[in-house]
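Peer 1: Residue strings, one per chain:
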Amino acid sequence: EAQVTQNPRYLITVTGKKLTVTCSQNMNHEYMSWYRQDPGLGLRQIYYSMNVEVTDKGDVPEGYKVSRKEKRNFPLILESPSPNQTSLYFCASSLGEGPIPGELFFGEGSRLTVL
Amino acid sequence: QKEVEQNSGPLSVPEGAIASLNCTYSDRVSQSFFWYRQYSGKSPELIMSIYSNGDKEDGRFTAQLNKASQYVSLLIRDSQPSDSATYLCAVNEAGTALIFGKGTTLSVSS
Numbered sequence: 011e012a013q014v015t016q017n018p019r020y021l022i023t024v025t026g027k028k029l030t031v032t033c034s035q036n037m038n039h040e041y042m043s044w045y046r047q048d049p050g051l052g053l054r055q056i057y058y059s060m061n062v063e064v065t066d067k068g069d070v071p072e073g074y075k076v077s078r079k080e081k082r083n084f085p086l087i088l089e090s091p092s093p094n095q096t097s098l099y100f101c102a103s104s105l106g107e108g109p110i111p112g113e114l115f116f117g118e119g120s121r122l123t124v125l
Numbered sequence: 471q472k473e474v475e476q477n478s479g480p481l482s483v484p485e486g487a488i489a490s491l492n493c494t495y496s497d498r499v500s501q502s503f504f505w506y507r508q509y510s511g512k513s514p515e516l517i518m519s520i521y522s523n524g525d526k527e528d529g530r531f532t533a534q535l536n537k538a539s540q541y542v543s544l545l546i547r548d549s550q551p552s553d554s555a556t557y558l559c560a561v562n563e564a565g566t567a568l569i570f571g572k573g574t575t576l577s578v579s580s
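Top line first, the protein sequences correspond to chains A and B.
Position 50 of the first sequence, counting from 1, maps to 60 under my numbering, and the rest follow consecutively.
Position 22 of the second sequence, counting from 1, maps to 492 under my numbering, and the rest follow consecutively.
With the rest of the complex left out, here is chain A:
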């Protein structure tokens, strides 16, 4: 089954404790991206990766890091989480052909609470 898998799905942590949200896709997609979704603000892009060689910031990258060491994985790293990073996070991927990024396929989401 074609899918984007995120883990953990739910996490409660404390300020300053480093955490990683993993994202893996099995569709051989070139493009991957992280979004956060907050009430009243909608979906906002954190980082994106056009392919394993190109990664860049989105609209709200502060406090986050990513890496793209292999095509299928695109983890989101919070080095020192703060309460304002409490949010619902989505990883998404796209084939990367035609008008990039094209149709995005989303993971199930990771709900993060930072106390």
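Don't take every hint at face value.
As the list claims (entries may be wrong) - List of simulated lysine-lysine pairs, DSS-like, C-alpha gap at most 30 angstroms: (1) Lys79/A with Lys67/A; (2) Lys472/B with Lys537/B; (3) Lys472/B with Lys67/A; (4) Lys537/B with Lys67/A; (5) Lys81/A with Lys67/A; (6) Lys67/A with Lys512/B; (7) Lys512/B with Lys572/B; (8) Lys27/A with Lys512/B; (9) Lys81/A with Lys28/A; (10) Lys512/B with Lys28/A; (11) Lys75/A with Lys472/B; (12) Lys526/B with Lys512/B; (13) Lys81/A with Lys472/B; (14) Lys526/B with Lys472/B; (15) Lys27/A with Lys81/A; (16) Lys572/B with Lys75/A; (17) Lys67/A with Lys572/B; (18) Lys27/A with Lys75/A; (19) Lys28/A with Lys67/A; (20) Lys75/A with Lys512/B; (21) Lys81/A with Lys512/B; (22) Lys572/B with Lys526/B; (23) Lys572/B with Lys537/B; (24) Lys512/B with Lys79/A.
No lab work stands behind these hints, which were simulated from the structure alone.
Here the structure of chain A is known, so what remains is to put chain B in place on it, guided by the hints.
Peer 2: Relative to chain A, chain B alone:
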């Protein structure tokens, strides 16, 4: 900052009616447009994509695009209670991201 605007709703329609959802965008060079449906607590799910001016139909859904007016819409015919969700309009920006509107909440009453 490129913007995608949608009425937040809620848009309420009776079962069997046509629901009309609208979206405007600010970037004149955008070439790709998408409608996603998101149920509460779930991830966005792609419903339609449209790239050319005019109408595109898929089952009960019709997407309409007018690039001159920077306007894209989604019509849902014969609305069902299961269509009750938030509908997100998304526009391709500069080949790096999809920019999403904040969504319109649709409620279909039986």
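Peer 1: Each of the hints needs a verdict: does it hold here or not?
Peer 2: Comparing the hints with the structure gives:
1. Lys79/A with Lys67/A: holds, 17 angstroms
2. Lys472/B with Lys537/B: Holds, because 15 angstroms separates the two Cα atoms, which is no more than 30 angstroms.
3. Lys472/B with Lys67/A: Distance of about 15 angstroms is within 30 angstroms: holds.
4. Lys537/B with Lys67/A: With a Cα-Cα distance of about 28 angstroms, the restraint between Lys537/B and Lys67/A holds, given a limit of 30 angstroms.
5. Lys81/A with Lys67/A: Status holds; Cα separation ~18 angstroms.
6. Lys67/A with Lys512/B: holds, 25 angstroms
7. Lys512/B with Lys572/B: holds, 15 angstroms
8. Lys27/A with Lys512/B: holds, 27 angstroms
9. Lys81/A with Lys28/A: Answer holds: Lys81/A to Lys28/A is near 24 angstroms, not above 30 angstroms.
10. Lys512/B with Lys28/A: With Cα atoms ~26 angstroms apart, Lys512/B and Lys28/A stay inside 30 angstroms; holds.
11. Lys75/A with Lys472/B: holds, 24 angstroms
12. Lys526/B with Lys512/B: holds, 26 angstroms
13. Lys81/A with Lys472/B: holds, 29 angstroms
14. Lys526/B with Lys472/B: holds, 25 angstroms
15. Lys27/A with Lys81/A: holds, 27 angstroms
16. Lys572/B with Lys75/A: Holds. Lys572/B to Lys75/A sits at ~25 angstroms (cutoff 30 angstroms).
17. Lys67/A with Lys572/B: holds, 21 angstroms
18. Lys27/A with Lys75/A: It holds: about 14 angstroms lies between the C-alpha atoms, which stays within 30 angstroms.
19. Lys28/A with Lys67/A: holds, 20 angstroms
20. Lys75/A with Lys512/B: Distance of about 24 angstroms is within 30 angstroms: holds.
21. Lys81/A with Lys512/B: holds, 25 angstroms
22. Lys572/B with Lys526/B: Since the Cα atoms of Lys572/B and Lys526/B sit roughly 23 angstroms apart, the hinted pair holds (cutoff 30 angstroms).
23. Lys572/B with Lys537/B: holds, 20 angstroms
24. Lys512/B with Lys79/A: Judged against 30 angstroms, a Cα distance of about 28 angstroms means the pair holds.
Violation of the numbered hints given earlier is absent; every hint is satisfied by the structure.
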